[in-house]
Amino acid sequence: MRDFLSSIVLIGMGLYGVLLYLTNKLSLYIHPRFFEESFAASIVALLMGIVSLGYFVYKNKNIKQKSKFSINNQMLLILVLVILSFVINTLFLVIAAFLIIIPNKEFNKLFKSDVLGNLLIVATVLVGLILPPKSLSSITASQRSIDLNSINLTQNTISAVQNFNKSTSNYSLGDWISMQSFNPDPLYYKDKDVKISGFLYKPDNLNLPENVVLIARFVVTCCAVDARPVGLKVTLPENAEFKVDDWVEITGKFGLDDKNELIVITEGIVKIDIPSSPYIF
Amino acid sequence: MKKLFSTLNINKSILLILLAVIFLYQIKGGYDYFEFSEEGQIIALRLQDFITLVLSIIVEAFPFIILGVSLSTLIALNFFGWLKRKIYNHKKILFPLYFIYEISGRLDRKFKSNRVYSHVKVSLLGVFLPVCECGNIPVARRLLLGGFSVSQSITFLLAAPILNPITFLTTLEAFNYDKSVVVIRLLAGFIIANLIGIILSYKKPQNEFLNLDFYQEICDMNDHKHTKNRFVEAIGIFQREFIEIFKVLIFGALLAAASQTFIPRDIITTIGQNPLLSILAMLLLAFVISICSNVDAFFALSYANTFTIGSVLGFLIFGPMIDIKILTMMRTTYKTKLLAIVTLLVFLLSFLTALIVNFIK
Chain A
1 MRDFLSSIVL IGMGLYGVLL YLTNKLSLYI HPRFFEESFA ASIVALLMGI VSLGYFVYKN
61 KNIKQKSKFS INNQMLLILV LVILSFVINT LFLVIAAFLI IIPNKEFNKL FKSDVLGNLL
121 IVATVLVGLI LPPKSLSSIT ASQRSIDLNS INLTQNTISA VQNFNKSTSN YSLGDWISMQ
181 SFNPDPLYYK DKDVKISGFL YKPDNLNLPE NVVLIARFVV TCCAVDARPV GLKVTLPENA
241 EFKVDDWVEI TGKFGLDDKN ELIVITEGIV KIDIPSSPYI F
Chain B
1 MKKLFSTLNI NKSILLILLA VIFLYQIKGG YDYFEFSEEG QIIALRLQDF ITLVLSIIVE
61 AFPFIILGVS LSTLIALNFF GWLKRKIYNH KKILFPLYFI YEISGRLDRK FKSNRVYSHV
121 KVSLLGVFLP VCECGNIPVA RRLLLGGFSV SQSITFLLAA PILNPITFLT TLEAFNYDKS
181 VVVIRLLAGF IIANLIGIIL SYKKPQNEFL NLDFYQEICD MNDHKHTKNR FVEAIGIFQR
241 EFIEIFKVLI FGALLAAASQ TFIPRDIITT IGQNPLLSIL AMLLLAFVIS ICSNVDAFFA
301 LSYANTFTIG SVLGFLIFGP MIDIKILTMM RTTYKTKLLA IVTLLVFLLS FLTALIVNFI
361 K
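So the protein sequences, as listed, match chains A and B.
Position 206 of the first sequence, counting from 1, maps to 206 under my numbering, and the rest follow consecutively.
Position 5 of the second sequence, counting from 1, maps to 5 under my numbering, and the rest follow consecutively.
Any given hint could turn out to be false.
[Claimed, not checked] The calculated lysine-lysine pairs, modelled on BS3-like cross-linking and capped at a C-alpha distance of 27 Å, are:
(1) A/Lys243 / A/Lys233
(2) B/Lys28 / A/Lys243
(3) B/Lys110 / B/Lys91
(4) A/Lys233 / A/Lys195
(5) B/Lys92 / B/Lys121
(6) B/Lys110 / A/Lys134
[To be verified] Which residues of chain B face chain A? A partial, calculated answer using Cβ under 8 Å:
(7) Arg46
(8) Thr52
(9) Leu187
No lab work stands behind these hints: they were computed from the structure.
Here a beta-carbon is modelled for each residue, glycine too, at the ideal position from N, C-alpha and C.
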């Protein structure tokens, strides 16, 4: 059973990795520096999975082993109760919970063989394969303190600093953020052209005025777990109908707000689809 | 009552948690709640982010798990013994490798039962096995099966993620402006790992530290005879090791992602410049975030402006050694008691290092 499961999971994860790589969705989860490794590992896993599955089938053909897997009666009863709780009454769940707590030798044996652990693995692989990959939302941003000022992004800063006196309209949000660690003076940026995209986000703790929101993105250094939100303040035009979490592209100029902090004075704002690579690397 | 608790194993509690989730879902009003009410939509988004986080940890760790399991399979098949024979047969062509083998062989004979030497040797293994922490666990398990003592395997697990070429290069790239960070990180990692290993080696017998399931595996291993076909044996080892590690990786990813989604991070990171509290905050962050040691320097760099340099170093030393993900994975092999001791020791020592750095700089 364990060997069979292992082959299936290897194939599943291998397929998942290859699919993510081919559809350019890996950037939703990890930094580009891991792409090749991830792809290579997926290929290895896929090959290992196929070979070991083939071997498993071959071995079982020779031995003609009986399948030892059987579902315990108590487990079945619990499943029925859970389904009933959806259809008739929530109270059935309580009975199911009691059935789990009451000690029972045969039932405990089932758990010794770690059926649930195996189910969890299969469920995770299925979730990966079936659910459409999504980027992080502003909910996660609200869990993590947002940076309006500088953070060090070594690669970006150098190229951004070198080209500053030429046109700045091709600067991304990441370029602007890393520029500020090079020169934190807001006056330095005043009246520069801005054209950036990101998601709209309005944190509670900054006490922003009504027509001001943040345009934000996540900075990712390893994988989505370490994503840090960064953002710039922007003014929204009157009677603009945009919600938090909408992805937009903004054109405008830098100005200063009443706290003498940098703010983008919006001239044009368009709603866009979530880009294929939504994070800053 | 006591019997009730002793039969409540971990799988049963997961099942109960699952039931509780279903219960809450039904109490709240099912699908309509998540689709139409504002509060429900926020919970749905949070759940979606949670899934993204879990998958991102798994996708990120997957290549290293495959690499680690492959290495572990190679060790099990005595690949390195074969390599050694090849090198001795062709010592003129492969003289640098021959040189290394020869020196280590001589040192081995000279310091046969020296406690310090046996740990220092193991702590430098990471230089040749550039895998980060999740890939190291299968390797460490294999080394234990191959006759390493528990204290040596702990030294390997603690040292290898820091003392390896990839970590060295990325740290150097990230902290290019302050090279002392790199030096202190490597030195501290080396010293802490060896110190803890040497302390643990005084405990006899060592096998008391091992998880019962894994101890059983060692005993089985000694009776086990090699099957004739090396290839078939390799497939078997690869499969078993992979599924064992992958299972706990999922548990670790679930735990780490849950702590990320439900504990607001700004609680941790608003502390900033206080020389004492900033260290505590960064160590806590390292514990929660479970980031891969090969690239954590880039992450730490983004905090270098707002946090004290000592606390950033604390993050770089503590993070690779101990975090939620590694602890769940180490549980497959070691007893909880040992893990508690190691965690405490690593925490204290990296805290001390960070504090010293803060006062000197």
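Comparing the hints with the structure gives:
1. A/Lys243 / A/Lys233: holds (15 Å)
2. B/Lys28 / A/Lys243: It holds: about 25 Å lies between the C-alpha atoms, which stays within 27 Å.
3. B/Lys110 / B/Lys91: holds (23 Å)
4. A/Lys233 / A/Lys195: Given pair A/Lys233, A/Lys195 holds - Cα atoms ~13 Å apart, limit 27 Å.
5. B/Lys92 / B/Lys121: holds (26 Å)
6. B/Lys110 / A/Lys134: violated (58 Å)
7. Arg46: holds (5 Å)
8. Thr52: Holds: closest Cβ of chain A sits about 6 Å from B/Thr52, inside 8 Å.
9. Leu187: Violated: closest Cβ of chain A sits about 24 Å from B/Leu187, beyond 8 Å.
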